Amino acid sequence: MDRRRFLKNVIGGGIVAGSTVAFGNYSQLLAATVAAVPAYDLVAVRGGEPGVMFDRAMASLGGMQAFVPKGSRVVVKPNIGWDVTPERGGNTNPALVQRIIEHCLQAGAREVSVFDHTCDPWAQCYRSSGIERAVRDAGGKIVSGNNEGYYQQVTVPEGRRLTEVKVHELLLEADVLINVPVLKHHSSTMLTVGMKNLMGVVWDRGYWHRNDLHQCIADFVSCRRPTLTVVDAYNVMKQNGPRGVSTADIVQMQALIVSPDPVAADAAAAKLFGLEPQAVRHIQLAAEMNLGRMDLGALSINRIRL
Amino acid sequence: MKSGHLKFVRVFVSLAFFGLTALVFLDLASVIPPWFTGGILYLQFIPSLLAFMHGAALGAAGWLFVAALTVLFGRVYCSTVCPLGTLQDAIGFTAGKRRRFHFRPAGTIRYAIAAVTALLLVGGSGLLLNLLDPFSAFGRILADLVRPAVIVTNNIAAAALEQFGQYAVSRKQWAVLTPLAVGVAATTLVVVGWLAARRGRLYCNTVCPVGTLLGLVSRISWLGLGIDHDRCTKCGRCVRVCKAGCIDLARMRLDAGRCVACYNCLAACPEEAVHFENRWRRAPAMQADQGRRNFLLHSGVSLLGLAGLPETNATVLQSKPTTIPEAVTGPVSPPGSISIERFSSLCTACHLCVSVCPSRVLSPSLLEFGPSGMMQPRLNFRASYCNFECTLCSQVCPTGAILPLTPEDKKRTQLGVTRFIKENCVVVTDNTNCGACSEHCPTKAVRMVPYPNPLNRALFIPEVHADYCIGCGACEHACPTRPFKAICVDGNPVHARSKKPESTALEIKINDTEDFPF
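Protein sequences appear in the order of chains H and S.
Using the numbering used here, read the first sequence as starting at -9 and increasing by one per residue.
Using the numbering used here, read the second sequence as starting at 2 and increasing by one per residue.
Think of the hints as simulated: they come from the structure by calculation, not from any bench.
As the structure is a prediction and not an experimental result, all values here were calculated from the model.
A virtual CB, placed ideally from N, CA and C, is assigned to each residue, including glycine.
A couple of the hints might just be wrong.
As the list claims (entries may be wrong) - 20 Å max Cα-Cα, derived DMTMM-like pairs, lysine to aspartate or glutamate:
(1) S:501 x S:409
(2) S:423 x S:327
(3) H:60 x H:92
(4) S:3 x S:390
(5) S:412 x S:503
(6) H:261 x S:516
(7) H:156 x H:127
(8) S:501 x S:327
(9) H:261 x S:515
(10) S:412 x S:515
(11) S:412 x S:431
(12) S:412 x H:77
(13) H:131 x H:159
(14) H:131 x S:163
(15) H:156 x S:516
Unchecked claim - Pulled from the structure, derived: some chain H residues nowhere near chain S, Cβ distances all over 12 Å:
(16) 95
(17) 96
(18) 120
(19) 151
(20) 194
(21) 277
To be verified - Going by beta-carbon spacing under 10 Å, a handful of chain H positions derived as facing chain S:
(22) 76
(23) 98
(24) 112
(25) 113
(26) 127
(27) 140
(28) 144
(29) 145
(30) 147
(31) 149
(32) 159
(33) 200
(34) 202
(35) 203
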């Protein structure tokens, strides 16, 4: 199912892109999508700087144009929840965010917007995290997520506990959503990766917290499925998450996971963290709801050691 | 330069002070650095005086400068530095040029008002001072009326730009509007505005305690305006432009105690009969001063009538019975205020901190600090929580009610202590995970521990380690239960010092023998 959808995206993207470029390029692109796409379900990279690891991961997935059609609107959703500096590992690595935006724009995206509904005051989070600057440097748009006026009510088709939710209007207009969580310990959900990171695109998180948090996290994937999940596991917070107390909470793992399957990305990240995917209830629930796969053994995974 | 040009200098300087003062309250983008704010507000009389009296900072000598200026030149402060004065002039200006003033004899009620204000302050209640101080009154008008209006305008503009895919202007969040503070600000604006439109600077010469005090000082000022008996043709032009109504043409003199040094008369006089006089050269006539007598008389009366009325904070701050189930034992005062008693006695409720607070946790209080602490800001955790890294309020406070804190000190300053109400917690009531409180806790004073439960789920429940708590309210704000929170902060009457969060070694050792454990 996922592979089929992925290929559909790839080919669709190729056609859109191809129709606007010269014939030579067109054939090259088509050749790339048909012959060279290794159709990996997931790519994991270790041992490099965030930008370099992302370059390698995308190359093995057929390039960003496989996911970002020309002229599309892209939302990149990092974790910018806390007013902490990058070395604290509380937010997504800014260098990774910057590289992702550059890839999107090179693939021909019309615009790339970045936001998070932060926990701490947003302007401070955007600044301290280094993400505001990274987005500007890369040519993306940094947008606030901290006003209810930005949010619009939508239904959650397969939601068991979460049936309606207010999401940021940028998400409704976006053709592509790239979810860029940072892998962290979490005091109550055990782990925060991709699906948990999507709590930052909705207005009322409190509702999730009082209505079976894990179920709501899984439910939301059926509302807006990310095109791509890019897990930043460069500096990984192993305890005191998700805010962290000091750099003593951090282990430098220099890892990156990229997958079009949000559940598979979270499952692989859990393994990397040292947890079984089924120990994290929302991963288990999402797999049960067929929102993605957590049986990593059955997936085709490209493992790249730099 | 002709002395008539002084009016234009005054107008320019007053507009500069007015504009910059307004700017620090309306800085939606939070770009104005605190040192700039400090510089702009350095000369504000009451904030500076309060800071000085409490030995808050050596730098708080702005009021001395103003006093010295008054001794030399009269109430220059009232027509330049004071933003409420300039606001009145602006209202008067738009109210029409046809407006004509005339001389009124000096009243004595101003001394009674000033005396009551001073006595209440000595008795421990700054409420009247906070209400009447022109800077704080102006601050509230900006913070509680103008700023919300600016935010509405900003958000309408932002929403319009969004239609074109533009997000450069971001929507700003609403601060919690306290009806009391809005009401007081609106009332102040209406009363001051009406007086300004009808009677010029009547507020300054009747109600304002700063005006009264500086008026007393300006009676002995070195240079003051006078009328040259030989040149004056009694045309009355000066009287008609005198906002203070202090030019007595019949007796050919100006009431220095009410003259606000606007220099309108200098500009209006065609004969240059209004001029500066060195009043120290002549021996002042030693006649009995009715105003001063009244001042003393009223003081005595007030003392008799008001003894015992001002309530000290100590009596209100004790654990108070309340109907709300969280039942916090006391309010939380801003970091750097040291104790609620100290804070309450120094804060003039100018709401500058409310305006600059990036997390919008500071809200004007109602009666949380007691009757005399009305409108003084408290940390309202329903609205937000105090950002761990932020010390902005402590850096801008003009009265020293909130003293500057370094980020390191701020992170150890315990404003209150959090209390877990297990019965309210969603983990107990619903047997589902939550952990919003612990998630937001910057010091891990709130930790999650395993919670055995009938459903045998892997549940975690909060556990409070009070020593590490700084009372920032992140846990209380994040707690999703309604209508009552499962975790809440009891304010410390006196701020304490929290234990430093220890950086423990990692419990989980990662096994890096395998690059990809999948």
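Against the structure, the hints come out as follows:
no.	hint	verdict
1	S:501 x S:409	holds (10 Å)
2	S:423 x S:327	holds (11 Å)
3	H:60 x H:92	holds (14 Å)
4	S:3 x S:390	violated (53 Å)
5	S:412 x S:503	holds (13 Å)
6	H:261 x S:516	holds (11 Å)
7	H:156 x H:127	violated (30 Å)
8	S:501 x S:327	violated (27 Å)
9	H:261 x S:515	holds (11 Å)
10	S:412 x S:515	violated (39 Å)
11	S:412 x S:431	violated (34 Å)
12	S:412 x H:77	holds (19 Å)
13	H:131 x H:159	holds (14 Å)
14	H:131 x S:163	holds (13 Å)
15	H:156 x S:516	violated (39 Å)
16	95	holds (16 Å)
17	96	holds (21 Å)
18	120	holds (14 Å)
19	151	violated (9 Å)
20	194	violated (9 Å)
21	277	holds (14 Å)
22	76	violated (14 Å)
23	98	violated (17 Å)
24	112	holds (8 Å)
25	113	holds (6 Å)
26	127	violated (16 Å)
27	140	holds (6 Å)
28	144	violated (17 Å)
29	145	violated (22 Å)
30	147	violated (22 Å)
31	149	violated (15 Å)
32	159	holds (7 Å)
33	200	holds (4 Å)
34	202	holds (4 Å)
35	203	holds (5 Å)
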